[in-house]
Amino acid sequence: DQQVKQNSPSLSVQEGRISILNCDYTNSMFDYFLWYKKYPAEGPTFLISISSIKDKNEDGRFTVFLNKSAKHLSLHIVPSQPGDSAVYFCAARSNSNSGYALNFGKGTSLLVTP
Amino acid sequence: DSGVTQTPKHLITATGQRVTLRCSPRSGDLSVYWYQQSLDQGLQFLIQYYNGEERAKGNILERFSAQQFPDLHSELNLSSLELGDSALYFCASSALVVSDTQYFGPGTRLTVL
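First to last, the sequence lines map onto chains A and B.
No gaps in the numbering here: position 47 of the first sequence is 47 in this note's numbering, and each next residue is one more.
No gaps in the numbering here: position 107 of the second sequence is 107 in this note's numbering, and each next residue is one more.
Careful, some of the hints might be misleading.
To be verified - For lysine-lysine, the following DSS-like pairs were computed, each having C-alpha atoms within a straight-line distance of at most 25 Å:
| no. | chain 1 | residue 1 | chain 2 | residue 2 |
| --- | --- | --- | --- | --- |
| 1 | A | K5 | A | K68 |
| 2 | A | K56 | A | K106 |
| 3 | B | K57 | A | K106 |
| 4 | A | K54 | A | K68 |
| 5 | B | K9 | A | K5 |
| 6 | A | K5 | A | K71 |
| 7 | A | K71 | B | K9 |
| 8 | A | K54 | A | K5 |
| 9 | A | K106 | A | K68 |
Because the hints were derived from the structure by calculation, they are not lab data.
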């Protein structure tokens with residue numbers, strides 16, 4: 001059962017505009033959320049995270065928003081750059097019986113066009 | 001470069017065979033995680049080791065096993081391989097048993113023919 005869902009497999013945005021990647025989760029035990037970026041032939045690279053006690057975290061061009069009541073988080077990239085083109089994975093961590101492993105969504109492929 | 005290394009990069013084998021994937025965590029990291037990424041799937045957590053001991057188990061098949069050695073490197077053993085085991089296998093590491101961030105290696109692509 002997929003507990004973390006990224007319902008948009010792909011997204012195309014023009015350079016300079018905002019990219020918004022969405023993620024929904026079902027498990028209320030999740031207490032920490034992360035976004036990873038992945039280029040082809042490489043492992044996922046940590047991008048930004050947010051604790052469940054916050055509703056926003058910002059790091060440069062990247063901002064993550066968390067809406068706990070809706071079990072929804074989003075990643076905003078402003079302004080988008082061609083180098084941001086990659087697959088973005090949303091992940092969530094819980095301290096349930098599966099330990100502190102990460103539960104990943106299937107990813108959203110972002111293409112930023114010049 | 002995350003500092004996590006995985007070998008081999010690619011592995012091609014036949015059904016019924018056994019393979020071993022190797023992972024060296026970042027310097028100082030005590031926790032190692034293994035994930036599987038199949039076609040069109042997100043990363044699925046398999047197993048976690050911390051300082052040599054198994055700490056958490058996910059959707060790991062009985063045909064699969066892992067261990068972490070005293071030098072903290074880890075090996076994932078896959079046996080009686082099936083076509084459906086073809087996937088990318090990632091190793092990640094973190095400093096503590098509960099860490100905010102896991103750092104991923106480049107992965108091993110396993111192809112079972």
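Cross-check of the supplied hints:
no.: 1; hint: K5(A) - K68(A); in the structure: 15 Å, holds
no.: 2; hint: K56(A) - K106(A); in the structure: 23 Å, holds
no.: 3; hint: K57(B) - K106(A); in the structure: 20 Å, holds
no.: 4; hint: K54(A) - K68(A); in the structure: 9 Å, holds
no.: 5; hint: K9(B) - K5(A); in the structure: 29 Å, violated
no.: 6; hint: K5(A) - K71(A); in the structure: 11 Å, holds
no.: 7; hint: K71(A) - K9(B); in the structure: 37 Å, violated
no.: 8; hint: K54(A) - K5(A); in the structure: 20 Å, holds
no.: 9; hint: K106(A) - K68(A); in the structure: 21 Å, holds
Consistency note: the structure conflicts with the earlier hints numbered 5, 7.
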